[in-house]
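Colleague: Heads up: the sequence lines are chains S and Z, in that order. Numbered according to numbering that gives the first Met the number 0, the first sequence spans residues 0 to 359. Numbered according to numbering that gives the first Met the number 0, the second sequence spans residues 0 to 84.
It is worth saying that the hints were derived from the structure and are not from the lab. Some hints here could point you the wrong way.
To be verified - Stretch by stretch, here's where chain S covers chain Z in the computed footprint (C-beta under 8 Å, at least three residues):
| no. | region |
| --- | --- |
| 1 | 10–22 |
| 2 | 29–42 |
| 3 | 52–61 |
Stated by the list, open to error - Computed beta-carbon distance windows for the label pairs:
| no. | chain 1 | residue 1 | chain 2 | residue 2 | range |
| --- | --- | --- | --- | --- | --- |
| 4 | Z | G16 | S | P81 | 26 to 36 Å |
| 5 | S | G238 | Z | G16 | 44 to 54 Å |
| 6 | Z | V27 | S | Q42 | 13 to 23 Å |
| 7 | Z | K29 | S | G108 | 47 to 57 Å |
| 8 | S | F325 | Z | I41 | 21 to 31 Å |
| 9 | S | Q42 | Z | D15 | 35 to 45 Å |
| 10 | S | K256 | Z | I41 | 15 to 25 Å |
| 11 | S | G108 | Z | E60 | 46 to 56 Å |
| 12 | Z | D57 | S | Q52 | 31 to 41 Å |
Keep in mind the model is a prediction, meaning the values are calculated, not measured. Heads up, the beta-carbon is just placed ideally off N, CA and C, and yes, glycines get one too.
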Amino acid sequence: MKYVDEFRSPERARLLSRQIAQTVTKPWKIMEVCGGQTHTILQYGLESLLPDQIELLHGPGCPVCVTPLELIDKAVAIARIPGVIMCSFGDMLRVPGSDGDLLGAKADGADVRTVYSPLDALTVARKHQDRQVVFFAVGFETTAPANAMAVYHAKKLGLTNFFLLCSHVTVPPVMAAVLRAPDNQVDGFLGPGHVCSIMGWHEYQELSLQFKVPIVISGFEPIDLLEGILRCVHQLEEGSSYVENQYARAVCSEGNKHAQTILLDVFQVSERKWRGLGNIPGSGYRLSEAYREFDAEVHFPVATIVTRESPNCISGEILRGVKKPFQCTAFGTSCTPEHPLGATMVSSEGTCATYYKFRK
Amino acid sequence: MCLAVPGQVEDIFERDGLHMATVNFGGVRKSVCISYTPDAVIRDYVLVHVGFAISVIDEEEARRTLAALDLTDELNELRTEAPIE
């Protein structure tokens, strides 16, 4: 496939591997922000192409993982209300809540449907105007404009039976949280390519300046990641810190203005709780006042759910790159993708689930 | 989750007031909303995430990224080595 195969070329990978080895003189820790990037790194064994001085830390960029348990419980509770159709991306269905997952609710008779796009959920709502259709909207800035468009369009069509259960998180505040932590180990970042396709890199310039940290916005193919690492190592070795764009074929400095316009009309910035990390101010979106009638949490008041995370789970430290899955005694024993104890094992893009798949 | 796949625009149409396109992903065709990439034209490659084109792939930039690597003499000697798995 064009724009995929050429960025997986073994020769180019070997060349970059050699250039990285020639550039590095000191030990550096580089964090890739996105779960998708972590997946590529493990899937292609990219760490084996790096000199010993370079350690990759895996970041918090898996939105399914960081969706708080309370919200999973709320989704299950709403799905069980008669007349509701709960629509969601496939990877949310198996995330266990305190008392079962969405798939379990479906097995019990709830109408739970997997959709590929939020527009598919909108189609369901138009087809079933006597039912209440809820879309479990999870994702980073890459996904938020798509979910925003579904709501924007629902309003334009005058639909009153379509709702969003919002779990939108944003990347820059969590990168700042990682950097502020007293045990932070990150020397440089590979920035989130697709998030920046939407948002541009203005916010990352602020981060880079404030924390004096190199950020190389990178794509998701092996060549993209290796080139991102090379550029990051260059900056670290010469003692500089600025934002570079490795992913120029898909990212420009100002991002996608059309997407930003709808995004900021439908959503407003809000505090969000991150599973494994806790509350982070200004780290997500909720529906703006003008679209409050589409908010599932307003329309379906569900009693406050008290949840308790496993005391054996170290996902908070995993999400911040402070520990690796093998340093957890539960990894692969009492915690597996079938029976996850916490955030980083619940989705296939979580660091623990990725290690389980490729390294176990 | 932020996975986005490149595909080629084959046809552009309107559906219920939304800009849509038929996009070919290596032989698999899907309807994709291109409201966020209104400048996309037939034959462009777009990057698609959850049914939405999020950017038009800049062919010139893609070529430049690869050319910068391919221009080095080292690449030719590496081509003779065994493939990595």
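Colleague: Are the hints correct? Go through all of them and say.
Modeller: Comparing the hints with the structure gives:
1. 10–22: Held - the region 10–22 of chain Z has 3 residues with a Cβ nearer than 8 Å to chain S, which meets the minimum of three.
2. 29–42: Answer holds; 5 residues pass the 8 Å Cβ test.
3. 52–61: Contact hint for the region 52–61 of chain Z vs chain S: holds, 7 residues under 8 Å.
4. Z:G16 with S:P81: 26 to 36 Å: holds (32 Å)
5. S:G238 with Z:G16: 44 to 54 Å: Between G238 (chain S) and G16 (chain Z), where Cβ atoms are some 53 Å apart, the hint holds.
6. Z:V27 with S:Q42: 13 to 23 Å: Holds: the Cβ-Cβ distance is about 21 Å, inside 13 to 23 Å.
7. Z:K29 with S:G108: 47 to 57 Å: Since the Cβ atoms of K29 (chain Z) and G108 (chain S) sit about 31 Å apart, the hinted range of 47 to 57 Å is violated.
8. S:F325 with Z:I41: 21 to 31 Å: violated (50 Å)
9. S:Q42 with Z:D15: 35 to 45 Å: Since the Cβ atoms of Q42 (chain S) and D15 (chain Z) sit about 38 Å apart, the hinted range of 35 to 45 Å holds.
10. S:K256 with Z:I41: 15 to 25 Å: At roughly 23 Å between Cβ atoms, I41 (chain Z) and K256 (chain S) fall inside 15 to 25 Å, so the hint holds.
11. S:G108 with Z:E60: 46 to 56 Å: Since the Cβ atoms of G108 (chain S) and E60 (chain Z) sit about 51 Å apart, the hinted range of 46 to 56 Å holds.
12. Z:D57 with S:Q52: 31 to 41 Å: Hint holds: Cβ distance 33 Å, inside 31 to 41 Å.
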